[in-house]
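Given only the sequences and the hints, what does the whole structure look like? Please build it.
Residue numbers (the working numbering), protein chains in the order written: chain A, 127 to 409; chain B, 205 to 462.
Facing chain B, a subset of chain A residues (Cβ under 8 Å, in silico):
1) 219
2) 292
3) 298
4) 302
What the hints contain is simulated information worked out from the structure, not anything from laboratory work.
This structure is a prediction, so every number in the text was calculated from the model and none was measured.
Even glycine gets a Cβ: it sits at the ideal position worked out from N, Cα and C.
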Amino acid sequence: MSYKLKEILITSGLRLTTYAIVFVIGYILVDIIWHGLPVINWQFLTEMPRRGGAEGGIFPAIVGTAYLVAGTILIALPFGVGSAIYLSEYARRNRVTELIRLAIITLAGVPSIVFGLFGLGLFVIFFGFGASILAGSITLACMVLPTIIVTSEEALRAVPRSFREGSLALGASKWQAVRTNVLPYSFSGIITGAILGIGRAAGETAPILLTVAAFFLPRLPQSIFDQVMALPYHLYILATQHPDASKVLPLQYGTALVLLILVLGLSLGAIIIRSHFRRKYRW
Amino acid sequence: MVVKVKPTDTAIEVAELNFYYGDTQALFNINLSIPSKMVTALIGPSGCGKSTFLRTLNRMNDIIDDTRLAGTIKIDGTDIYESGMDIVSLRKSVGMVFQKSNPFPKSIFDNVAYGPRIHGIKSSELLTEIVEKSLERSGLWDEVKDRLDDNALGLSGGQQQRLCIARALAVQPEILLMDEPASALDPRSTAKVEDLIGELKEDYTIIIVTHNMQQAARVSDYTAFFYEGSLVEYGVTSNLFTNPKAKQTEDYITGRFG
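Here is the structure:
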């Protein structure tokens, strides 16, 4: 076989794998939009569900997911960025910190249902938060923490050493150097981690199944100790638990589309913030 | 050029200094006194320890893991390695200019104002005054006064290095450490930086690491020759270059190695 032919075969092969992925994602998107769009209207978005979700809207599920995402980021971002700063700027590189890194990476690979059980045991039962927004948010935060830590640490390490040295040489304390001359330049990377976290937190079902999600709760939560409905769980209910699953099929599509739009919207917002920081702190 | 050496005070007194990176010893029993308000050049082949020595003077080596130091370095009579030493105030009084000019990706103004700001100066009039004075002192004012809000990375290499000098001056140090400040600059920019060093020594004690022997001869009053972690020879620059005592010094300055 001539090297030219080989080259053509390999190029087409690689192109095919990429196109295959795009095709699958495109198919899913088109399918969901095609079937979901007719269902979505003002009532669907703003009304309470009726008859176990077979009728009415999905408003409380939208609100619930929004609360959970907000709670998750509120908890995971400070903890994640905090430990990333510690690992990247303060901790020495030795066996202990390598072990910590290994633990974090391992944590990223733990199945989400395990996080759910962990959250049930620790936050719901042991701490007595009950099935609540609080317990669900902390559980989701534990799940997205590894992603946020790893991306944040990489973002911090990407800031040139000379920024730190230059600052320290002027008499800055370590924290001053980090705060004024390292952290701002890693914001865009940190926000990338947050975007990934948001996507997972909004879409996961297993961790909230046992810690917060309500099967059918046609009212809005009054406090962080209330249960909520959530879009992915609602979708799961409609698809598998509902007595008349085929009848509520359009509602499933509608819910899926709303979830997709919500995640996309949140990510888009984060991307806009990120590009703002990119422009402001270019280097 | 005849270098007039007037009797002066000692700015830095180094005694029995040994320095280690992990198990590797980088400096061996260094003893020297650096005179105040003069330029002292540190020369020697790559890896001889001159930069390491320079960085012991503002404790910049502290930020490298697994380093160890024995001996004393006294600045104004205080051992800067004694426990309880305030590193922030040390680095405030011992400024540093790096080999690769490292302006922060901020405006020219914010670069120079960086030091004063972290030391708590908030008044914008005062900051403006400090920035102007520092930039004037480093000979950059006329070139940048109309674009103080521009990003410092838009300056030329030589301008960037003089900006870094201005930034160091803005915290009003007494001693200025320069780690090959002109090694990445073209000849004209180098000449400007060298002229600047000549002007600055009226007010500052300057210690400069350089690979360029002509530069050491041009700008310095005293020269220290380092070789393999030891201080081989130290003396008045004109004497050291015209009449080196040690064989290694002679070989190095005549270009036989290095």
